[in-house]
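Enquirer: What follows is each chain in one-letter form.
Number of protein chains: 2
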Amino acid sequence: MEKVIILKAGGNIIDDEQQLTAFLQAFAAIAGKKILIHGGGKLATRMAAQLALPQQMVDGRRITDAETLKIVTMVYAGYINKNIVAQLQAFQCNAIGLTGADGNIIQAHKRIHPTIDYGFVGDVEGINTTLLQQLLNNNCSIVLAPITHNGYGQLLNTNADTIAQEIAAALAQNYGVSLIYLFEKAGVLIDVHNDASVIPSITPQQFAQLKAQGIIADGMLPKLENAFTALQKGVQRVIIGKANVLPELLSGTSGTTLTMGT
Amino acid sequence: MEKVIILKAGGNIIDDEQQLTAFLQAFAAIAGKKILIHGGGKLATRMAAQLALPQQMVDGRRITDAETLKIVTMVYAGYINKNIVAQLQAFQCNAIGLTGADGNIIQAHKRIHPTIDYGFVGDVEGINTTLLQQLLNNNCSIVLAPITHNGYGQLLNTNADTIAQEIAAALAQNYGVSLIYLFEKAGVLIDVHNDASVIPSITPQQFAQLKAQGIIADGMLPKLENAFTALQKGVQRVIIGKANVLPELLSGTSGTTLTMGT
Numbered sequence: 001m002e003k004v005i006i007l008k009a010g011g012n013i014i015d016d017e018q019q020l021t022a023f024l025q026a027f028a029a030i031a032g033k034k035i036l037i038h039g040g041g042k043l044a045t046r047m048a049a050q051l052a053l054p055q056q057m058v059d060g061r062r063i064t065d066a067e068t069l070k071i072v073t074m075v076y077a078g079y080i081n082k083n084i085v086a087q088l089q090a091f092q093c094n095a096i097g098l099t100g101a102d103g104n105i106i107q108a109h110k111r112i113h114p115t116i117d118y119g120f121v122g123d124v125e126g127i128n129t130t131l132l133q134q135l136l137n138n139n140c141s142i143v144l145a146p147i148t149h150n151g152y153g154q155l156l157n158t159n160a161d162t163i164a165q166e167i168a169a170a171l172a173q174n175y176g177v178s179l180i181y182l183f184e185k186a187g188v189l190i191d192v193h194n195d196a197s198v199i200p201s202i203t204p205q206q207f208a209q210l211k212a213q214g215i216i217a218d219g220m221l222p223k224l225e226n227a228f229t230a231l232q233k234g235v236q237r238v239i240i241g242k243a244n245v246l247p248e249l250l251s252g253t254s255g256t257t258l259t260m261g262t
Numbered sequence: 001m002e003k004v005i006i007l008k009a010g011g012n013i014i015d016d017e018q019q020l021t022a023f024l025q026a027f028a029a030i031a032g033k034k035i036l037i038h039g040g041g042k043l044a045t046r047m048a049a050q051l052a053l054p055q056q057m058v059d060g061r062r063i064t065d066a067e068t069l070k071i072v073t074m075v076y077a078g079y080i081n082k083n084i085v086a087q088l089q090a091f092q093c094n095a096i097g098l099t100g101a102d103g104n105i106i107q108a109h110k111r112i113h114p115t116i117d118y119g120f121v122g123d124v125e126g127i128n129t130t131l132l133q134q135l136l137n138n139n140c141s142i143v144l145a146p147i148t149h150n151g152y153g154q155l156l157n158t159n160a161d162t163i164a165q166e167i168a169a170a171l172a173q174n175y176g177v178s179l180i181y182l183f184e185k186a187g188v189l190i191d192v193h194n195d196a197s198v199i200p201s202i203t204p205q206q207f208a209q210l211k212a213q214g215i216i217a218d219g220m221l222p223k224l225e226n227a228f229t230a231l232q233k234g235v236q237r238v239i240i241g242k243a244n245v246l247p248e249l250l251s252g253t254s255g256t257t258l259t260m261g262t
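Read top to bottom, the protein sequences are chains A and B.
Sequential numbering from 1 applies to the first sequence in our numbering.
Sequential numbering from 1 applies to the second sequence in our numbering.
Treat the hints as calculated values from the structure; they're not laboratory data.
Ideal Cβ positions, reconstructed from N, Cα and C, are used throughout, including at glycine.
Among these hints, one or two may not hold up.
[Claimed, not checked] Just a few of them, taken from the derived set where beta-carbon distance is under 8 Å, the chain A residues facing chain B:
hint, residue
1, Gly-10
2, Asn-12
3, Met-74
4, Gly-103
5, Asn-138
6, Ile-215
7, Asp-218
[Said to hold, decoys possible] Chain A is nowhere near these chain B residues, computed Cβ spacing over 10 Å in every case:
hint, residue
8, Leu-51
9, Val-58
10, Lys-70
11, Asn-83
12, Leu-98
13, Asp-102
14, Asp-117
15, Asn-174
16, Ser-197
17, Pro-200
Hey, can you work out the whole structure from these sequences and the hints?
Expert: The following block contains the structure:
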């Protein structure tokens, strides 16, 4: 099966101009088919503050009212996405920047919740890989902003980690997919304050143990559960590590690699 | 030769939500290959005002400093482009929203001028139709925002009329291209205050006469010169007219059609 590498880069990389450029150069140098899914970083929050728009957060998620949706669409799909594309083109990587509305790649619906109205936050309903496959087969590298649509003309703000997992799972039908979550830490750590304590590989059995022992907890739990869901859906491996060691992550000499085991 | 229809829609359509939706429904209903190139409208100006960023205009063109480039990239490539795409998807038109940086479609350079520094305004240097042709042949309709790049990672703000003409001329090598400029008026008028005075068709000879008689003047002159340049480069016809009569423009029963004559 032909390989596809899917990377998810978060705010810590997007917000740091120098780190972003170094990362994009490394991304451009990856041979073969590849997709970059980016988050938003602090720019949307800063823009909302400049426009004097109060931001409401519930459980670490932004409540997306109409004005906030406008801002995240502008910042994620416009400013961040197109600047990444232009930089990749400068590194001779034929990039194309998209959202989930383009080519109907990601259908979503407004989040349904018994007590909280998340506003224009979208949960993924389905992935259409037609356009992605056409572009990958034409040697385009795809840069995806975390904006989806409901099929009725409404854009929605969607979690980039989830999008990465769903896209990886959908492409796993036809490609050998590696999914890489770029992270502030060097990988999954035994001691959260010690970057040298990286666990090099984790299987579902080991994950259950680490969870029971309380070594994996808090914000890392949903990330890893998300990752193992991707593996269950056919993704070959999930790697978690730092953006500044991209070649090492791909060769397995840095970061944490999650697999279903043997 | 297979046909491609290229439409350029300006601020007057983009700014009016109801008119935009009606126009997008008509656009979605056009059979065959099609490209929509959109301008920016008043939203970028409004956003700049909200952010207390003074706008400088010279000869009707926005001077694009770094902050203004950020805003137009956000508004044109993000908000406007992606909302158009989502609406077209709702009308069962498989749209994909791009800028000139995506797939390296439009290479540009910063405008060179002896006395005025236009900032990040880009003049078109070349068109690469590879991605456009791949997408058109895969039944995607393309929505293009007037943002280009210089190949060195810099985005540039570029006139949408010029982009439409350049894209039309480049695709004329391989397709029979109709280029449609959507406009506030019903077409080229003998009496600028009377929408019933539309000139149904103009050849280069007639254009020279109308210009000499002073019937075509002011803002209409560069528009028509632009249009005849496209015809000289192989575009089959250029139509100028109103967005709310799109089928009539395509059938030649409304608007002004420019051709090289027989």
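Enquirer: Please write out, lowest number first, the hints stated earlier that are contradicted by the structure.
Expert: 1, 2, 6, 7, 8, 10, 11, 12 and 13
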